[in-house]
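**Q** The lines below spell out each chain.
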Amino acid sequence: MTTIFGIPLQAFLGQLLIGLINGSFYALLSLGLAVIFGLLRVINFAHGAQYMLGAFVALLLLQYLGVNYWLALLIAPLVVGLFGALIERTMLSRLYDLDPLYGLLFTFGLALTIEGTFRYLYGAAGQPYSVPPSLAGGTNLGFMFLPNYRGWVVVVSLVACLGTWLLIEKTKLGSYLRAATENTVLVQAFGINVPLLLTLTYGLGAALAAFAGVLAAPIYQVSPLMGTNLIIVVFAVVVVGGMGSILGAIVTGYMLGIAEGLTKVFYPEASNIVIFVIMAIVLLLRPAGLFGKDA
Amino acid sequence: MRTRLIASMAVLLASSTAAYADASDGVVKIGILNDQSGVYANFGGKYSYEAAKMAVEDYGGKVLGASVEVITADHQNKPDIASNIARQWYDTEQVDAIMELTTSSVALAVQAISKEKKKIDIVTGAATTELTGAQCSPYGFHWAYDTYSLAVGTGGALVKEGGDTWFFLTADYAFGYSLEENTANFVKANGGTVSGAVRHPLATTDYSSFLLQAQSSGAKVIGLANAGLDTSNSIKQAAEFGIVAGGQRLAALLFTLAEVHGLGLEAAQGLTLTEGFYWNRTPEAAEFGKRFFDRTGAMPNMVHAGTYSAVLQYLKAIEKAGTDETEAVAKALHEMPVNDIFAENGKVGANGRMIHDMYLMEVKKPGESDVAWDYYKVLATIPGDEAFIDPAKSGCPLVSQ
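Same order as they appear, the protein sequences are chains A and B.
Residues in the first sequence are numbered consecutively from 6, following our numbering.
Residues in the second sequence are numbered consecutively from 397, following our numbering.
This is chain A alone, in the form it adopts within the complex (with noise of 0.2 Å):
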C-alpha cells in the first residue's frame, strides 16, 4: 500500500478532507470578521455569539414553528443580521470615533451578555438538531466515508465565501464600502449614506457568521457555548491571514483546518495548539499576516 509519512494513503487523504471540512468553519466565521475588521476597524468578539444565536434561531424555528433547515438557512442570517444592524446602530455607532480597543471591550460584553442569557435559558448542555433528511446518510469514496452534509458545508461555505469576496472587491456597492472606509468624508461628499453603509457592512458580517451557525447545528449539539469553543481560533486564522484581508481570511481558514486535520493525526494532543503556533511563527516573520498589505 502507498504510504505517506507513514500513514496509508487513503487514511492520508481521509483526513486532508475532514480538514477542508473544518477549514470552511473556519473560513466562513473569519472571512465575517475580516469584512467588520477591514470596513469598519471594530474587532467584533461578538462573532461567536453570533454565530451560536444562528444556531439557536434555527433550532428555536423548528421547535415552535416547525420551520425546516432550508428556510432557516435563509431567516436566521437574516434575523442574526437585522439584530446585529441594530447593535451597530444603537450602540456600536458611538464608539467609532474612540481607541478601536473600545469596539472590542464592547462587542465582548455583548458576548458575555448574548451567552449568559441563552445559559440561562437553555442550560449549558447541547441540544439535539438533525441533518435534514434530503443530506442524511453518506457516500464512499473509496478511501473514506463522506457524510453527505459535510460534503454539502464544504460547497455551500466555498460559495458564500467566494460570493462575498466578489461583493467587495468586484461590485459597485463594495466600492463604496472599501472607498467610505479609505476617505469617509469624501465618500459623503458625493452623496452616499456612509452610515448606512457600516450598518449594512456589520450586518452582513452578523449573517455570515449566523449563516455559519446554521451550518454547524447538525454537526455539533446547540448549545450556548459552541461560539466561545471556535471564536478564538477564529481570530487566530485572522491574525494568520492578516487583519482585514477578506481573500486572506478565506484561504487561511482553509489551510489552517488543514493543518489542524493532519496534527490530528501525526500528534493528537497537539491539535487545539497548533493553530497558534503557526500564528506566533506568522507574527515573527510577517507581522502584517501572510496577505496583510502593511505592518
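It is worth saying that the hints were derived from the structure and are not from the lab.
Don't be surprised by glycine CBs; every beta carbon is placed ideally from N, CA and C.
Keep in mind that the hints are not guaranteed to be accurate.
[Unchecked claim] For lysine to any residue, the following SDA-like pairs were computed, each having C-alpha atoms within a straight-line distance of at most 20 Å:
(1) B:K449 / B:K616
(2) B:K716 / B:D454
(3) B:K616 / A:F150
(4) B:K442 / A:F123
(5) B:K442 / A:G121
(6) B:K474 / A:Y125
(7) B:K442 / A:R124
(8) B:K761 / A:G142
(9) B:K789 / B:L460
(10) B:K716 / B:V459
(11) B:K474 / A:G121
(12) B:K442 / A:T122
(13) B:K442 / A:Y127
(14) B:K458 / B:Q490
(15) B:K474 / A:G128
(16) B:K761 / A:P138
(17) B:K761 / A:A141
(18) B:K442 / A:A184
(19) B:K773 / B:E662
(20) B:K474 / B:S501
(21) B:K686 / B:Y455
(22) B:K442 / A:L126
(23) B:K760 / A:Y127
(24) B:K474 / A:A141
(25) B:K760 / A:P133
(26) B:K727 / B:E683
(27) B:K442 / A:F150
(28) B:K761 / A:S135
(29) B:K743 / B:E782
(30) B:K442 / A:Y125
(31) B:K616 / A:A16
(32) B:K761 / A:P133
[As the list claims (entries may be wrong)] Coverage of chain A stretches by chain B, computed from C-beta distances (three or more under 8 Å per stretch; other residues unrestricted):
(33) 91-99
(34) 171-180
(35) 227-239
Please build the complex by placing chain B on the supplied structure of chain A, with the hints as guidance.
**A** Okay, now just chain B, sitting in the frame of chain A:
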C-alpha cells in the same frame, strides 16, 4: 429602631441557644450541592434537588418529630466556591448533611470539610474512587457509582459479550487517562486486547479525525474515555460517519440516561454503557420514574435515583440512631442494608462505599423503543461485590486490614 434591633438580636440569640440545647434543633437540614448551570446540569443538577425533596416527602416530611428541610446551591464545578458554600451551610445554616456533589474535585474538597466539621456527606454525582480510597472519611459515603464500577461493567462485561479488541478515544487529562487505564485492565484481564488509543484535547468540537483513526483500527469496540459534551459530540459524529452501522461498537465509559436523551436514539443507538439504575427495569423503579417525570419532565438517571436513595437512607439512619448526631447516624448508615428503588440488598463498606449491583446497558434502536424515555436494554447485571473495589483493598486508612 433601636428597640427593634435589640429585639431581633434577642430572638436570634434565643434561637441559636435553642439550637445548641437540642441536638436535632427541631429541623434536619440536607443540602444538595451540585452543578446547575454547567456541563453537568442535566447529569445531576436541579433534578437531583427534586429527587431529594421526593425522598423527604415519601418519608413523611418528618423524622424523630423534627421537620426535614432540603436546600440547594450551584457550585459551578469550582471546588473553591463549593468549599465556601459548604462552610457557610455547616457554620451558619445548621445544615446536617451535604449530598450529590457532582465532579470529583468538588466532592473531594467538600468531603474533607465535612470530615473536619464532623458532618455527613453522601456523594452520588462524582466518580473518583479516591472518595472511598486514600481520602475516605468516617462520615463520608459514596452512593451511586465510581470509575472502577464503570470500568468493570463496560470493560469486563463487554469482552465476555464478544467485544475483545478495543481502541480508546481518550480525553487528554487525568480523568480520561484513569478511565482508560482502568478499563483497559479489565479488557485484558478478560482476554481482550487493546489495539491503540488516541488522546484528544478537552472540549474538542470536531472528532471526525479521531473517529476515522478509530474506524481504520478495525477494533470491535471503540471506548470513549471522556465525559459530558465531549462524549455526546463523539457519539453524534460517530453516527454521522457510519461507525456503528459499519459493525463497530461504541462504549461510553461515563454516560447516563440524561445524555442519551440529549443525543436522541438516532445517534445513540447501539451504544453500550454502565449505569446503576434504569427506571424501566423493575415495577418499583418505573413507579418512581413516573412520579419523577411528572415533576421534572425527565426520567431519572443513576445520579437522580441515587440521590433519592441517599436521602431516604439518611432519614432511616436518623430514625434508627434516635438522634441526628453525626457519629451515631454514620454508624447506622454503615450497618443498615439498603433496600429501595435504587438498590437491592445494598451494603455499606467500612470505607463508606455503598455496594450494589450495576447494569451493563445497550441503547435501543429507534424502532425498538415504544414508550417515551424507554432507551435501554439491560445486557448484564454486575453483582455489587464485583462492581466495586473490596473495601479491604481500597487503600482507605479506616479499614482494618
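**Q** Hints first: check each against the structure and report whether it holds.
**A** Hints, one by one, checked against the model:
no.: 1; hint: B:K449 / B:K616; in the structure: violated, 43 Å
no.: 2; hint: B:K716 / B:D454; in the structure: holds, 17 Å
no.: 3; hint: B:K616 / A:F150; in the structure: holds, 18 Å
no.: 4; hint: B:K442 / A:F123; in the structure: holds, 17 Å
no.: 5; hint: B:K442 / A:G121; in the structure: holds, 18 Å
no.: 6; hint: B:K474 / A:Y125; in the structure: holds, 18 Å
no.: 7; hint: B:K442 / A:R124; in the structure: holds, 15 Å
no.: 8; hint: B:K761 / A:G142; in the structure: holds, 17 Å
no.: 9; hint: B:K789 / B:L460; in the structure: violated, 37 Å
no.: 10; hint: B:K716 / B:V459; in the structure: holds, 10 Å
no.: 11; hint: B:K474 / A:G121; in the structure: holds, 18 Å
no.: 12; hint: B:K442 / A:T122; in the structure: holds, 18 Å
no.: 13; hint: B:K442 / A:Y127; in the structure: holds, 13 Å
no.: 14; hint: B:K458 / B:Q490; in the structure: holds, 17 Å
no.: 15; hint: B:K474 / A:G128; in the structure: holds, 17 Å
no.: 16; hint: B:K761 / A:P138; in the structure: holds, 18 Å
no.: 17; hint: B:K761 / A:A141; in the structure: holds, 17 Å
no.: 18; hint: B:K442 / A:A184; in the structure: violated, 55 Å
no.: 19; hint: B:K773 / B:E662; in the structure: holds, 15 Å
no.: 20; hint: B:K474 / B:S501; in the structure: holds, 8 Å
no.: 21; hint: B:K686 / B:Y455; in the structure: holds, 18 Å
no.: 22; hint: B:K442 / A:L126; in the structure: holds, 14 Å
no.: 23; hint: B:K760 / A:Y127; in the structure: violated, 27 Å
no.: 24; hint: B:K474 / A:A141; in the structure: violated, 40 Å
no.: 25; hint: B:K760 / A:P133; in the structure: holds, 18 Å
no.: 26; hint: B:K727 / B:E683; in the structure: violated, 31 Å
no.: 27; hint: B:K442 / A:F150; in the structure: violated, 41 Å
no.: 28; hint: B:K761 / A:S135; in the structure: holds, 16 Å
no.: 29; hint: B:K743 / B:E782; in the structure: holds, 13 Å
no.: 30; hint: B:K442 / A:Y125; in the structure: holds, 13 Å
no.: 31; hint: B:K616 / A:A16; in the structure: holds, 19 Å
no.: 32; hint: B:K761 / A:P133; in the structure: holds, 17 Å
no.: 33; hint: 91-99; in the structure: violated (count 0)
no.: 34; hint: 171-180; in the structure: violated (count 0)
no.: 35; hint: 227-239; in the structure: holds (count 4)
Hint compliance for this structure: hints 1, 9, 18, 23, 24, 26, 27, 33, 34 are not met, and every other hint is.
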